[in-house]
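Construct the entire structure; sequences and hints are all you get.
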Amino acid sequence: MHTGKIDIEVLMLHLLPLLAFLVAIARLGGWVALRLGQPEVVGEILAGILFGPSCLAALWPAGFAHFTNPSVEGLPGGTLPLVIKVLSQIGLVLLLFLIGLEFDFSHLKVSGWGTAAISLTGMALPFGLGFALGQVLHGPLTQSMEKPPPPFTFCLFMGVAMSITALPILGRLLVEWGVARTRLATIAITSAAIDDASGWIFLATVAGFAHAQIEGGTYSASSLGTMAGLSLAFLALMVWVVRPVLAHITRWLLAKNQGQPSLALLAVLMITIFGAAAATSWIGIFAIFGAFLTGAILSGERELAMVVQKNLRLFVTAFFLPIFFASTGLRTQIGTLSGVVPVLAAVAVLGAAVVGKWGGCLVAARYTGFSWREANILGLLMNTRALMELIVIHVGMELGVLPDSMFTILVIMAVVTTVMTTPLVRRFAAGTEFAGLKLDGTLPDEKEQPRENPPGAG
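Per numbering that gives the first Met the number 0, the very first residue in the sequence shown carries number 0; after that it's consecutive.
Source of the hints: derived by calculation from the structure; they are not laboratory data. Some hints here could point you the wrong way.
Each computed BS3-like pair below joins lysine-lysine, with the alpha-carbon atoms no more than 30 Å apart [said to hold, decoys possible]:
no. : residue 1 : residue 2
1   : Lys84     : Lys4
2   : Lys255    : Lys84
3   : Lys255    : Lys309
4   : Lys84     : Lys146
Printed below as a string of structure tokens:
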């Protein structure tokens with residue numbers, strides 16, 4: 000074990016090949032996933048997991064250790080994983096800005112009682128099942144942690160983790176399938192948007208409880224009150240002060256440069272993103288919330304959104320996302336599931352997640368007038384978790400709410416609930432607007448247009 004001063008040249012010698020490898024396996028994984036009819040993100044996530052201790056380390060322990068955590072002269076042990084973690088967090092901040100920027104608040108205008116019922120059930124039932132499951136699993140799974148989270152915080156987090164829907168991935172799937180304009184897609188996107196907006200609020204609440212924890216597993220009421228007050232003040236500042244000023248500046252910069260990006264524009268955005276992220280980190284509700292809020296307050300600026308999509312998203316997706324998935328893979332340890340209790344916990348979590356989302360939305364959709372096949376499609380779409388779930392569980396890990404075993408269980412749940420979406424939607428597509436769905440996203444019959452009065456729309 001080498002300790003002491005870090006030599007930048009030695010660090011770069013080990014870091015750059017690792018980064019090249021991570022980007023390469025992510026692209027390869029995404030390519031394979033697309034060929035199998037799955038979203039790219041599924042392959043990228045699995046590539047990250049295969050890179051981690053669950054696969055590569057088991058097959059080649061010495062090589063894995065030297066490649067991911069070398070301890071040589073000029074590079075103390077633990078340095079490279081720390082750099083990867085920092086890059087992963089920076090990428091997460093930028094990704095959350097993009098997600099906020101893409102968030103269409105018009106979807107929050109509920110189009111009917113059917114949509115409201117699907118959204119409410121799709122949030123409440125999995126949240127309740129997750130919270131109840133957390134009460135059962137808290138003791139057995141957190142007892143090995145150096146500082147176990149209080150039961151209420153753990154249960155609250157489990158509820159949030161179960162109730163999330165991957166809105167960005169869901170939107171991309173519907174576009175790729177060529178069904179984004181159908182009534183089923185519209186209702187699914189609306190319901191997912193409402194669920195995700197609620198999920199971010201709940202996740203911020205979990206972060207607040209985790210930071211307000213004091214010795215003995217209790218909470219400081221004054222800390223919670225201060226955090227809530229600062230959060231509301233920051234929200235007001237962003238909405239009523241930063242938003243109009245930032246919108247004016249970005250419009251002026253775009254007009255000055257004939258709608259093209261400029262260094263000044265990107266600099267203004269980066270300063271605001273990182274400043275807001277630092278502010279929410281200081282408040283105690285995690286840096287990503289500031290980044291998400293920065294994107295959300297600019298979501299109405301469509302010209303800006305298009306420019307950012309062209310110039311920032313590609314880089315974040317190509318470079319930072321593979322690092323994030325690799326970071327997830329390094330933390331995913333299938334070995335932590337050895338034993339009866341962890342395996343039963345994994346089965347219970349997966350079962351509760353699927354029953355809560357798919358089952359809950361299915362029942363709500365049937366009750367509001369959708370056919371059996373349509374209700375199943377809506378339930379499956381809402382059951383897609385993917386990247387958003389990984390973001391949530393990374394927050395839980397950073398807050399010290401999740402043990403290693405539960406982190407691994409939730410990663411598995413995120414992958415399984417996403418992988419099952421495409422084949423099962425095809426299974427129920429006959430007789431619906433999704434009939435004839437193909438891998439290339441085309442529909443042989445022209446069924447993209449929604450009916451005038453879909454069930455639950457009025």
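Each hint tested on the structure:
1. Lys84 <-> Lys4: Holds. Lys84 to Lys4 sits at ~20 Å (cutoff 30 Å).
2. Lys255 <-> Lys84: At roughly 38 Å apart (the allowed maximum being 30 Å), Lys84 and Lys255 break the hint.
3. Lys255 <-> Lys309: Satisfied, since the Cα-Cα distance of roughly 18 Å is no more than 30 Å.
4. Lys84 <-> Lys146: This hinted pair holds, its Cα atoms lying about 21 Å apart.
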